[in-house]
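Take a look at the letters that make up each chain.
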Amino acid sequence: MKIKELKEIIICIYSKINENKDYLTKLDQESGDGDLGISMVSGFQAMKDYMEATEETDLGRVLNKCGDVFNEAAPSSLGTILTFFLKGMAKKMKGCSECDLDGISEALQKGIENIMKKAGSKPGEKTILDSLFPAVQAMKSPEVKEPAKEAAIAAKMGCEKTREMKAVWGRAAYYGEKSFGVLDGGAVVGALIFEAANEWKNESLLQEKSLRS
Amino acid sequence: MKKIINTPEKYVEEAMEGIVAAYGDKVEFLNGDFRVIVSKNCRQVGKVGIVTAGGFGHLPVFLGYVGEGMVDACAVGNVFASPAYTKMEAAIRAVDGGAGVLCIYGNYGGDKMNFEQAIEDCEMDDITCKSVVVCDDIVSSPKNEWRKRRGVAGIVYVYKCAGAAAQQMYSLEDVSHIAEKAMKNVHTIGIALSPCIVPEVGETTFQIADDEMEIGMGIHGEKGIEISKMMSADEISEVLMEKLLTDVELQKGDEVSVMINGLGATPLEEQMIVFRRVAEILKGKGVSIFMPHIGEFATSMEMAGLSITLFKLDQQLKELLRFPANTPFYTNVNK
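First to last, the protein sequences are chains L and C.
FYI, the numbering used here numbers position 37 of the first sequence as 37, with every residue one higher than the one before it.
FYI, the numbering used here numbers position 247 of the second sequence as 460, with every residue one higher than the one before it.
Please note that a few of the clues may not be correct.
[Unchecked claim] DSS-like, lysine-lysine: derived pairs with alpha carbons at most 27 Å apart:
id	chain 1	residue 1	chain 2	residue 2
1	C	Lys361	L	Lys117
2	C	Lys531	C	Lys548
3	L	Lys7	L	Lys65
4	L	Lys110	C	Lys436
5	L	Lys117	C	Lys397
6	C	Lys525	L	Lys26
7	C	Lys343	C	Lys397
8	L	Lys117	C	Lys356
9	L	Lys161	C	Lys343
10	C	Lys239	C	Lys436
11	C	Lys498	C	Lys525
12	L	Lys161	L	Lys2
13	L	Lys65	L	Lys91
14	L	Lys16	L	Lys140
15	L	Lys91	C	Lys531
16	C	Lys216	L	Lys26
17	C	Lys215	L	Lys26
18	C	Lys436	L	Lys26
19	C	Lys223	L	Lys117
20	C	Lys343	C	Lys223
21	C	Lys343	L	Lys122
22	L	Lys21	C	Lys223
23	L	Lys166	C	Lys356
24	L	Lys122	L	Lys110
25	C	Lys343	L	Lys65
26	L	Lys201	L	Lys166
27	C	Lys361	L	Lys166
28	L	Lys21	L	Lys122
29	C	Lys394	L	Lys166
30	C	Lys253	C	Lys216
31	L	Lys149	L	Lys161
32	C	Lys361	L	Lys122
33	L	Lys4	L	Lys145
34	L	Lys122	C	Lys436
35	L	Lys122	C	Lys356
I should point out that these hints are in silico values taken from the structure, not numbers from a laboratory.
All chains, full assembly: derive it from the sequences and hints.
Take a look at the structure:
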C-alpha cells in the first residue's frame, strides 16, 4: 500500500459512512445524544479532503495529519478515539512510503493499543473496539486467506455482539441496563470502516483483472 | 424552542464575540480564533500557565474564569462537546512562559482524551504539562471510585487556588499539588427542576415532570439518582446536605466555603433561601463558613435548579481563596 491506495481506501470509507449517516444518527438517538451521524461524516470528510489535497508521501505523516484534521472536524468522544487509532497507526508507519500486509496489520494493532492506552477502554465494553479488535485479530491470524474479507466479517460479527453488552463508557453508560439489546454506534462505525476497505479491495482486484485481460 | 439567538450554528461564535466585545480589555481571542480565549498578558516568563477547556453552554464555566489571578487560557468547544485537542494545544503553547503549564478540567471522556493528546503533543516540544482532573459531583460515582465522578461547579475553587498560587510564582510542582489538594476538598451535589435545550438539537432531550425534581442530575442532563416530588427549599437543602455530609468528613471547628450555584433559571432569591438553611445546618455541626459564593458559576443554559458545593479549607487554601482575582465573570473582592 502506498499513498495512492490509502487515499482510495479513505475515499471508500467516507462514502460508506456518508451512506449510513441517517442510520448512525438513529442509532445514537437510542443511547447517545444523536450527533454520531453528523460528526462522523464531518470527520471522514475532513480526512478525505486532506488526502485529496496532500502531496506528502510518508504514510506515517499522512496518517498523523489525518488524525489532526479528523479531530478538528469531529472532537466528539468517538471522533477523538478514531484520532487515537490514526495516530497510533501513524507512529508505526512513520518513515514508510510503502507498506505490506504485515505492516498494515501491525499498524492497525498499534492503533488499537493507542486507543486502549489513551481512552482506558478494552474490548467487551460496548465500544468501537468491539469491531476493530476482532477485525485486526482476523487479519493477523496465521490461517488468514483473504484478509480484507475476513477482517470485515470479524468486524461485523464483533459489532453484532455489542447488543449483548452493557455500556460502561460515555453517555450510553447512563442508560445502564437499558443499553442491552442496542448496537453500539461506535462499533457500527468500526464495522463500516472494514466493510468499505473490503469493498475497495474487491474493486481493485476487478480492475487488476480487467487490466490484464 | 424559545431562545434569544440568531442561528443555532452561530451560537458559540456569536456569544464568544460578545464576550470579547464586552471585556476586550481583559481577554482576547488567540490569533483571532474564537475557539481559544486568552487573558491579556497571558504569557509571563517564569509563571506557571493555567489552561482549561470544555464544552460551551455553562457560562461562566469554563472560559469565564480566564483573567487575572485565575486561568490564563481556555479552549472552547460546541455546546456540551469538548473542543479539539489542537485548540487545547494552542492554548497550552500560548501560556507557556517556561515554567510549565497546569491543565485543569472536568472529568468527561471527550475533554480528558483531547487533553491527553494535546499534552502529549506539547511535551514533544519540551513544554512540561501537568493536569488536575476535577471530579466533585458526589452522586455520579460511589466514594470508593471517586476518580470516576464528573466535574461540576467545584472546579471554580480549583481554578481560584491554582491561579493564586501561579500568580505568586509557585513552581509547577507546587501549583499542581495545591490544585490537587483543592480538588480533593470540593464536593458537589445538584438538583434539576427543568431540562435545558441544546440549540442545535432544538428540543429538550430529557424531561422532568412539572411537579417533580431530579436529585443528582448532571449539568448536561445526565441521569441523577432519584426523581422525587417537588420539595420546599428547606427540605431540598436538608436532603442535599445529608448526602454531602456523608461524603465529606466535617468536624466541629472545621471551616468550609459554600457555593450555591444556580443552573441558569433559578432566581438568586431562591439560592439565598437555600443558603440560609445550609448555613444553619453547618452551624449546628460547629462548622464555620468562609467566603460563601452564591450566584451562577457553572450553569446549564435554561435549566432550573441548583447545586451546593462544600470546599473544606485549611490555612493555605483560605489564603489562596482570599488572594485577589479579577476576570470578566469572577471577582472575590465582594466576597
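Would you list, in rising numerical order, the hints stated earlier that this structure does not obey?
4, 6, 9, 10, 12, 15, 19, 20, 26, 29 and 30
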